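**Q** The chain contents come next:
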Amino acid sequence: MSDTDARRILVPVGDSDSLRDTVSYVVDLATETAPAPVEIHLVLAARTQAVSPDAPTELGTAREQLERVALWVEEETAEGTVVAREDREADAAGESEADADGEAPADAADAPGWLTVVTDTVGTDRYLFSPGDYADALLEYAAAAGIDRIVVDPEYKPGGTASMLQPMSVELARGDVPVETAPVDRPTEGAVLARAASLSKYLSVFVVSYLFYMSLSAWKPLDFFTGFVTASIVSLVLAPVVANRSAPLGVTLRRLARLLVYAPYLVKEIAVANLQVAYVVLHPDMPIDPEVVQLRAAVWGDGAVTTLANSITLTPGTLTVNVSERSFDIHSLTADSRADLFDGGLERAVRFVFYGRAAARIPTPRERGDAGEGRDG
Amino acid sequence: MTPTEWGIVALALAGAFFGGVAAVGLVRLPDVYTRSHAASKSDTLGAILAIAAAALALQSGLSTAKSVFLLLFMFITNPTAAHAVARAAQDQGIEPWTADEGDEP
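Protein sequences, first through last, are from chains R and F.
Under full-length UniProt numbering, think of the first position of the first sequence as 1, with each following residue one higher.
Under full-length UniProt numbering, think of the first position of the second sequence as 1, with each following residue one higher.
Note that these hints are calculated values from the structure, not bench results.
Everything numeric in this text was worked out from a predicted model, so none of it was measured.
Treat each hint with caution, since some may be false.
[Claimed, not checked] Estimated spans, in silico, between C-beta atoms of each pair: (1) R:L203 to F:Q59: 33 to 41 Å; (2) F:V24 to R:D17: 37 to 45 Å; (3) F:F17 to R:G301: 34 to 42 Å; (4) F:A10 to R:A263: 17 to 25 Å; (5) R:V272 to F:Q59: 27 to 35 Å; (6) R:G356 to F:A10: 33 to 41 Å; (7) F:A10 to R:K220: 30 to 38 Å; (8) F:P3 to R:G250: 40 to 48 Å; (9) F:Q59 to R:S215: 15 to 23 Å; (10) F:T2 to R:L236: 47 to 55 Å; (11) R:A257 to F:F17: 31 to 39 Å.
Backbone N, C-alpha and C define an ideal beta-carbon position, used for all residues, glycine too.
Excised from the complex, chain F in its bound form:
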């Protein structure tokens, strides 16, 4: 394998890893706020790494440029969506889970 292929595989694997972390976090974390941490951020990094792998694999100028646009887009939209969810939760008066409440959310 060429160094580029190694790079593609590494990026794709890292992307899958962080996607997996997001899924595990979504299940394990206790409340809406902590879950949106996992859903927004680990997920963003996972998607970004996967898209970077795709950009590297495509190797043609235009497609790579489009992938970079997608990256940029995720950087802006993902935190905005997470903020919208968290803010809606706060508006609804949902109290954040704290460590001293024990295991019950």
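So that you can see chain R by itself, here it is in the shape it has in the complex:
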């Protein structure tokens, strides 16, 4: 198809956190060539097959979703821009929905403004399964409507993200329409990890890593050079991530002393628990009973939480999956390992290291009621 009458941009619409930003990017693209007519095709690939009993409601929500995205386009355009709307889904609803092509370009030419928003649904007549199926349906639409360009939202990944299947954006590139992924920031969860670091922090990270490097090296002249380079890279990359607050020296020394008491205990726990896991793994029936459990640990502060999380992971049978504040998601391999966890031996030991002997006497997680059974258990 030629792009003489109008540029046509296809945007696949689906559940995605960054779709709004993608729409904004597409409107910017359209505005660049402003007086020239542009059609933005918002196309939703239906998830359910048409024969499904839920199909009518499913299509209803699809309509609402397209409506919302179309509104976004109007919000993004400059004040006073006339945006023409065309709902091919509604046009086709009466009889067959296969006439997505046809006289559409003529409609666009009649539209009052330079920008036309076209909404449509594809894939209602079949079952879309893999990313390739979605790509096929969208490419058919692109061929029929004479699309010049496809802009894909990076977070829209229909048909699963199994590693053996190519993502839809790759599958779409099979067609002869240029495909582009919108330059949108992936939304990130949680707090910002890296902060701007001061010069003294860069220096201290540099010195510590240089000393560590030299302590493991053979003290040849070349080692001084390679150590310098390595420590420079390490401090440049990692200084912004290094913890900002540190405890006073006296507290740190006392903690280190108690850590020396903790270490043998941890080694003993690791050894015993490793034998249990070895038994489970080598047993012909492999008696595992994995489950994810929650634990609200009675430890406070980054250092203590990190130590506890790592100790839990080191102790065989339990693996820290996620931590937020004091709440731990822990994957446990056997019922025994869960029982040990809720008895709180490790937790008590970590409290002893960080806060002294008095803090070790807090009741166990089970007694406190902070031991949460799995979501699925």
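Since the structure of chain R is provided, determine the placement of chain F on it from the hints.
**A** Showing chain F alone in chain R's frame:
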């Protein structure tokens, strides 16, 4: 053989045993979470025992000190890596395998 040599052999054999357990577990266990149990922990203990054997065998002050540093390093990095793998799996929405699903992962 001297008692030290017996100790070295015992540590090395135990290290090899737990390394073997890690490998068997990696093959036999059903999903990413349970496998990272085997890959991280039995493996850590195996490596630690092997390094301890090496430290004992080297017997020279500096090399032994370096081995102890390596031990310390494994204690910190191995659980961190296992946590990163498990957390990435959770972020991807991978459901943990449970016993009542039968043998299929």
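**Q** Indicate, hint by hint, whether the structure satisfies it.
**A** Evaluation of the provided hints:
1. R:L203 to F:Q59: 33 to 41 Å: 37 Å, holds
2. F:V24 to R:D17: 37 to 45 Å: 41 Å, holds
3. F:F17 to R:G301: 34 to 42 Å: With a Cβ separation near 38 Å, F17 (chain F) and G301 (chain R) satisfy 34 to 42 Å, so the hint holds.
4. F:A10 to R:A263: 17 to 25 Å: 21 Å, holds
5. R:V272 to F:Q59: 27 to 35 Å: Since V272 (chain R) and Q59 (chain F) have Cβ atoms about 29 Å apart, the given range 27 to 35 Å holds.
6. R:G356 to F:A10: 33 to 41 Å: With Cβ atoms ~37 Å apart, the hint holds.
7. F:A10 to R:K220: 30 to 38 Å: 35 Å, holds
8. F:P3 to R:G250: 40 to 48 Å: 42 Å, holds
9. F:Q59 to R:S215: 15 to 23 Å: 19 Å, holds
10. F:T2 to R:L236: 47 to 55 Å: 49 Å, holds
11. R:A257 to F:F17: 31 to 39 Å: Holds: the Cβ-Cβ distance is about 34 Å, inside 31 to 39 Å.
Checked against the numbered hints listed earlier, the structure breaks none of them; every hint is satisfied.
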